[in-house]
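Line by line, the protein sequences are chains Y and C. To convert, note that position 19 of the first sequence is 18 in numbering that gives the first Met the number 0; the numbers rise steadily by one, no gaps. To convert, note that position 101 of the second sequence is 100 in numbering that gives the first Met the number 0; the numbers rise steadily by one, no gaps.
Quick caveat, the hints were computed from the structure, so don't treat them as lab data. Among the hints, erroneous ones may be present.
[Said to hold, decoys possible] With a Cα cut of at most 25 angstroms, we get these calculated SDA-like pairs of lysine to any residue:
| id | chain 1 | residue 1 | chain 2 | residue 2 |
| --- | --- | --- | --- | --- |
| 1 | Y | 559 | Y | 627 |
| 2 | Y | 233 | Y | 222 |
| 3 | Y | 271 | C | 22 |
| 4 | Y | 274 | Y | 415 |
| 5 | Y | 616 | C | 213 |
| 6 | Y | 655 | Y | 429 |
| 7 | Y | 440 | Y | 52 |
| 8 | Y | 360 | C | 87 |
| 9 | C | 25 | Y | 275 |
| 10 | Y | 123 | Y | 202 |
| 11 | Y | 107 | C | 186 |
| 12 | Y | 233 | C | 198 |
| 13 | C | 206 | C | 96 |
| 14 | C | 25 | Y | 279 |
| 15 | C | 89 | Y | 347 |
| 16 | Y | 274 | C | 213 |
| 17 | C | 89 | Y | 346 |
| 18 | C | 177 | C | 198 |
| 19 | Y | 429 | C | 22 |
| 20 | C | 135 | C | 26 |
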Amino acid sequence: MPGSIDTPTAEVFPEGQFSVSSSIFGGTIRTNLSFQVTNGVTVSFRYSRIPSASGDHRGYYWDRSFDIHYLFNEQTKFLPSIAIGLRDFIGTGLYTGEYLVATKDITKNIKLSGGLGWGRLSGKNNGTNIFGMGNERNSISVGAGGTIHANHFFSGKNSPFLSLSYYISPEFQLIAELSSDDYDMEVSTSKGFVRKSDFNFAFKYKVASDFSIIGKLMHGNAFGLSGILTLNPKNKPYKTGIETAPMPILEDHLLLQAQKSMDPNIFNRSAKLMKLDGIELLSVEEINKNTLQVEILDRNYIDVAQMLGRASRIIAKTAPVQFEVFKLKLIDYQSGLQITDVDIIRRDLKENELAFDGPEKLWESVNFYNSIAKKNPEKISLEKKLTWSFYPDIEIMLFDPHSPINGSIGWEARLSYRLKNSIAINSSIKQPILTTLDDIKRGPKVGLPNVRSDYMYYYRDIGIKPYISDLTLDQYFKPTKSLYGQLNIGYLEMMYAGIRSEIIWKDNKKPYGLGLDMAMVKKRNTRSDFSILDSRYVTIIGSMYYDLSSHWNFKLDAGKYLAGDYGATLAISRSFNNGWEIGAFATLTDVPFSTFGEGSFDKGITLKAPLSWFTGKKSRAYRQNIIKPISGDGGARLYLPDDKFLYERIKIYDQKSFKDNWKRFYR
Amino acid sequence: MRILLLLVIIFTCVGCTNDDVIRGNKASFTKVYSNILSRSFDIQREKSAASDTIYDREWLSKFTQPIIGISAPKRSEQAALVALGNQDEKLTWVSADGISVSFANGILIATRGYSQDLMESRHGDQFSLFTRNTKKHFKTHRYLDGQNGYIELNFSCSFKSINNNVSYLLDIKLKTTKFTESCTAGTFRHINEYHVLPKTNIVIKSKQWVSESNGYILVYNYYAFQNNLF
């Protein structure tokens, strides 16, 4: 969160920026993940170790909390910037506090911030509530945590805080502040520190453009250190990318000459060139005297317009000049289904290659269609039936108060055998070699069938033995142009086996879609081998997807969850048109908060980082992390790999996806 | 001991797959992690070693296709690019390591394969820049930002020429007209140079700005000297 040492400032980060900071002082450890959602709104997730005489784990609390900060007035020549914020506004409220703060650059090198704080920020030097809301802080009943308690915001006494920073150089900054936080809990134990002063002092040094360190003296007693790492998905380190140049387009008379020295078979000569660009050519077919149909399969390009551009350029090089229209059929590798047809006029492709506004002019003549629903020819399966891989596997589990970071390292063997074009057996076998997951102390919850909160028994019994993570027979089908389906039978995940089907309606000219996901499953035994227990569960969940042009994506799920509870999940994410995505989700069902237990309801943060952003080279691979504070039984669903969800696989070829990165068509 | 042995097997077995896409992705992830640990994103193309090549007519005579040479201003070695694209007056040249540059009338209009490519450009008086008495003109460069949108730089340029300038290309001494183009767009400034055969549009040598990240390239239009022109 924007701030000086321990007090807030009325500043913001650049829009879209992630910041990860970690600090340690006086027995306190804090790790923050902040995200600048819009130009004015910053949100933050904090995980802290707080020393306290009443600490519930060896004299400490391990606490998760959320902050929100809103800059509603930007600095002008005479007026300061002004921001309002809520700290720890969801949950148990160990850090709960609110503030109003103003910041002004006094000179080029000196910055002054001052504000008023409530809650934890009014521990020292406090005075009468300026809003007339009384000097007693409204009490809250945190219950099981995880809920918002708006009634105590800005209530009780308020205290001033102040900070002053001086830039000795662009990299080096000195900071002093008057803090109103009384560190009530931290001073109550010898594991904390002694608060001798209201002042904090620090230096901040910018080690690199994206990394800073802070050395600090807190309240005249505790020395501390912080590290801050920033990353903005908008700033690609490799700019346009470092892939090699695409195939230039030739004029007809030169093309005729060039084609004389090529392989006489159009498919062969096209397939060879496409392979160099990471695209698989499945077929080339003459539809009529001036239209050539080309089926292609791509697993590499996150920017599908760039892939389309490269495939079109190659066909323009290899196809005889009489073909005026290229009909490119795009096929999904996993399902083997045809998703989208794209018609490209050869003349326009050529004329706009080096034209100013070339991609925009070409867009006017390109047409997208939903591919027809027909039985797919057995093209993919013929090429390579068996795919296998064997790689290290790392699993991390956070937020167990007994051991905040747990994990395992081992291996994962994946095997996929394609029986037919759209039918495959997929499996994953894992074996932890070093693990602490078998020592998770947190037990299952009470009040609901243990559909997820007993996961620790699985890790305990698996230990360092090999287990079947998943083993399924997957069949994909496409009954109509816009309807896609899949059926998965077998060991769906570590804890469940059974049958699951998903139907998706998605028109590739619309930015929305609908889905229905049904599963009938049984619990697997806790060794995750072949045996299955008797307990049976059913999930029926309908989904609505909407992708806004502003790169905000919404997904609303509603239906029956694993424990038999009924409810809905709302997931909102901000995508960056380069593969980065950050989102949050929350599930509310008819399970009372008290029955759900700690955390009150299921919620979390998702973060997706694309490989291509880091390498500058084409790749669809990514790393996704889900920060989920508490796993309960309410709102629980099957944990399935990403490739078991059709919508994301289909929408990558919808018109909006192409339009979003169309400026890369000629890259 | 068993655990240690398994760990050794796993980590020596990184890359065990029969699928090229998986192998490529896993290798890239490993490289990204090691780059993050070493705090470096510098995995640009391997720099070619400095060569002792003498760029003369004998060297040029070995090429059977039209070529141009390209180098960075501070480097002596050049990359030879062959013409692979031709549309109207626009020529695209491609290097062996996958960089392409496109010119219209000797003026750089696009690049591909650089980390910050000149995606497209628009030049006032593009086809008469060297023949008319141009003093000022405007041009626009477009690049891609991190979210596939355009970064557009609108340059205002002044143009000067020096007649009877002596230029060297290969081992040939030539009289050329040297045009100097000084351009400004906000904080971005560059000065391009074109050595043009007198009273023609033929640019035989130039120094042209590509982008903020890539700076200038030196372009040697050798193809004008192929086919025994001299």
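Violating hint indices (sorted, rising)
2, 6, 12, 16, 20
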